[in-house]
Amino acid sequence: MDTDKSDLSLETMKLLQERTPPQNPGMDGSVLRTSRRIKEKQNQRKKQNLPPKCLTFRSEVKSTKRVVKRRISGSEKEKEVKRSKADPDHESLPGYREGLSEYQLERLENIRKNQAFLNSLNLTEISEALRPKQKPTQKGLKKEKTQVEMLPVRKSLRLQNKGPQSTTATEFTFPTTYELEKEAKPPGPIPLDPINLDEDATLPDDLLDVWNEVPLEQSTGTPDLKSYERMLKKLSIDDSRVVKVVKERICCAAFHPSSNLLMAAGDKYGHLGLWRPDAEWGDDGVVCFEPHSRAITALAFTSQPCNLITASYDGSARSMDLEKAVFDEVYRSSSSLKSFDFLSSDCSTLLFGEWNGDVAVVDRRTGNLCESLHAMTAAPLRGVHVHPVQQHYFLVAESSFVNIYDLRHLKKRNSPAVCELYGHNRSTSSAFFSPLTGSRVLTTCMDDCIRVFDSSQIAGRIPALTSIRHNMQTGRWLSRLCAVWDPKHQECFVIGTMDRPRKIKVYHESGRLLHTLQNTEHLTTVCSVTAFHPSRNALLGGNASGRLHIYTD
Numbered sequence: 024m025d026t027d028k029s030d031l032s033l034e035t036m037k038l039l040q041e042r043t044p045p046q047n048p049g050m051d052g053s054v055l056r057t058s059r060r061i062k063e064k065q066n067q068r069k070k071q072n073l074p075p076k077c078l079t080f081r082s083e084v085k086s087t088k089r090v091v092k093r094r095i096s097g098s099e100k101e102k103e104v105k106r107s108k109a110d111p112d113h114e115s116l117p118g119y120r121e122g123l124s125e126y127q128l129e130r131l132e133n134i135r136k137n138q139a140f141l142n143s144l145n146l147t148e149i150s151e152a153l154r155p156k157q158k159p160t161q162k163g164l165k166k167e168k169t170q171v172e173m174l175p176v177r178k179s180l181r182l183q184n185k186g187p188q189s190t191t192a193t194e195f196t197f198p199t200t201y202e203l204e205k206e207a208k209p210p211g212p213i214p215l216d217p218i219n220l221d222e223d224a225t226l227p228d229d230l231l232d233v234w235n236e237v238p239l240e241q242s243t244g245t246p247d248l249k250s251y252e253r254m255l256k257k258l259s260i261d262d263s264r265v266v267k268v269v270k271e272r273i274c275c276a277a278f279h280p281s282s283n284l285l286m287a288a289g290d291k292y293g294h295l296g297l298w299r300p301d302a303e304w305g306d307d308g309v310v311c312f313e314p315h316s317r318a319i320t321a322l323a324f325t326s327q328p329c330n331l332i333t334a335s336y337d338g339s340a341r342s343m344d345l346e347k348a349v350f351d352e353v354y355r356s357s358s359s360l361k362s363f364d365f366l367s368s369d370c371s372t373l374l375f376g377e378w379n380g381d382v383a384v385v386d387r388r389t390g391n392l393c394e395s396l397h398a399m400t401a402a403p404l405r406g407v408h409v410h411p412v413q414q415h416y417f418l419v420a421e422s423s424f425v426n427i428y429d430l431r432h433l434k435k436r437n438s439p440a441v442c443e444l445y446g447h448n449r450s451t452s453s454a455f456f457s458p459l460t461g462s463r464v465l466t467t468c469m470d471d472c473i474r475v476f477d478s479s480q481i482a483g484r485i486p487a488l489t490s491i492r493h494n495m496q497t498g499r500w501l502s503r504l505c506a507v508w509d510p511k512h513q514e515c516f517v518i519g520t521m522d523r524p525r526k527i528k529v530y531h532e533s534g535r536l537l538h539t540l541q542n543t544e545h546l547t548t549v550c551s552v553t554a555f556h557p558s559r560n561a562l563l564g565g566n567a568s569g570r571l572h573i574y575t576d
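Residue numbers (our numbering): 24 to 576.
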């Protein structure tokens, strides 16, 4: 009996061992249960964090894979119909919605709307427009290469085992005032040698032909104002019409009276540049000379024979003669010359205004000595201008006064003025009679005003007819702004401006702004010096870097 029970217990133990999985030694039942729970939780997390489905369009669905189709309600079908009408390519590809959840479809729709909104902003075109444009090619005079002076290396006297060395005052040489300034030009005629050509180079024949061309006669009638405005709107500028003519800041400029676009400009260091667009001589049609040692303050072309008269701060006035290839001396003064004008139609007699307040009458046929010298009431003298019809009258802009004098009644000192143009609160920059008739006077003053006076009756005190507000505060590095008449239209004038973007303005004598010339690519600086062509529809503007800007039709 006992043996049967023992056999039964042995068989039962074998069966239990077969059914029980193997266990790791040292692990009790609680540890096993905890490990099983951890594994179950990990499996549940893996099932929840399924990998995202690929959001690519499938043209075909393989038959081996099971395709899950989403049931779409009636309202969602209407939305899809509207979406397909708005965007016909939205569901053009098969398999677009197959296997995607509602969240994924909504995400794709948001992406599509955002992309359509960005495309409507034209960001690509805006970014291209905001990119810095390439600077236009620099034409005209080329910059001179200057060699940098190599100074000796500084060495410590202590490291060289040397004591302090005493220096006497005689070992230092300071430059004198004469050495700091440019060397003065000798009196008398000087050769006409271009500084931007080779030493043995001669003046081109084309320049001589243009120089001696007969000037066109100016029209005596006043053109219609509407047609004049249409002409101004046709004026334009391009890359070939911006050229560096002189090395430094332009102080004065003028057109040649012929129909060709030949221009002259003078800078603050006495350089004189001639430029004709599309010419083959010099540097892009520029020929540069150096007739003076200081700033050229005024220049003008004479009639036949054609010469170019220049006045300078060095006290000399010279006549440029291409036929003789010389700069003849017209007048020399101990004071600086500020401006001049012609007293006769043949340009043989000139009226010079000196900085110290004197006015000199010079006859070119008698040499370089003045016929008479007269002291005005105030100094400095800013400018002189002769009446175009009654040439014994002339304007003088002296300090903050603008007066009209009669040449026939001038005295050595304290000559009385025939007429006074009052109303200026600060120093005047310029004063000009209107062309052809001289019935108006145009003045520019540093009190930020351009004034027009009625000079048809020259007597007594004349108030201003028109006063135009205009910013004149150019600073020390720019030439003063001066309003000048258009010789083809005696009621209109032009002046540069300090406004941004840079521009040139044309006004009527009534104060109405007729037109504004501007170009963000080719007119990027202040054009202090402006002038109209005497016979063609052309306008020039000179800046502080020695460049001329030409507007033509």
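It cannot be assumed that every hint is accurate.
As the list claims (entries may be wrong) - Only pairs whose alpha carbons sit at most 20 Å apart, straight line, appear in this in silico PhoX-like list of lysine-lysine:
# : residue 1 : residue 2
1 : K208      : K270
2 : K270      : K162
3 : K256      : K166
Said to hold, decoys possible - Simulated restraints on C-beta separations:
#  : residue 1 : residue 2 : range
4  : S533      : N448      : 38 to 46 Å
5  : I218      : D369      : 27 to 35 Å
6  : L220      : Q161      : 41 to 49 Å
7  : S371      : S282      : 22 to 30 Å
8  : Q413      : D576      : 33 to 41 Å
9  : E252      : T460      : 18 to 26 Å
10 : K136      : K62       : 43 to 51 Å
11 : N437      : D522      : 40 to 48 Å
12 : S533      : K136      : 51 to 59 Å
13 : R253      : Q496      : 41 to 49 Å
14 : T460      : G483      : 15 to 23 Å
15 : Q161      : E236      : 25 to 33 Å
16 : K136      : S490      : 57 to 65 Å
17 : D228      : N494      : 39 to 47 Å
Because the hints were derived from the structure by calculation, they are not lab data. We put the CB at the ideal spot given by N, CA and C, even for glycine.
Structure-inconsistent hints, enumerated in ascending order: When the structure is compared with the hints, numbers 3, 4, 6 and 13 turn out to be violated.
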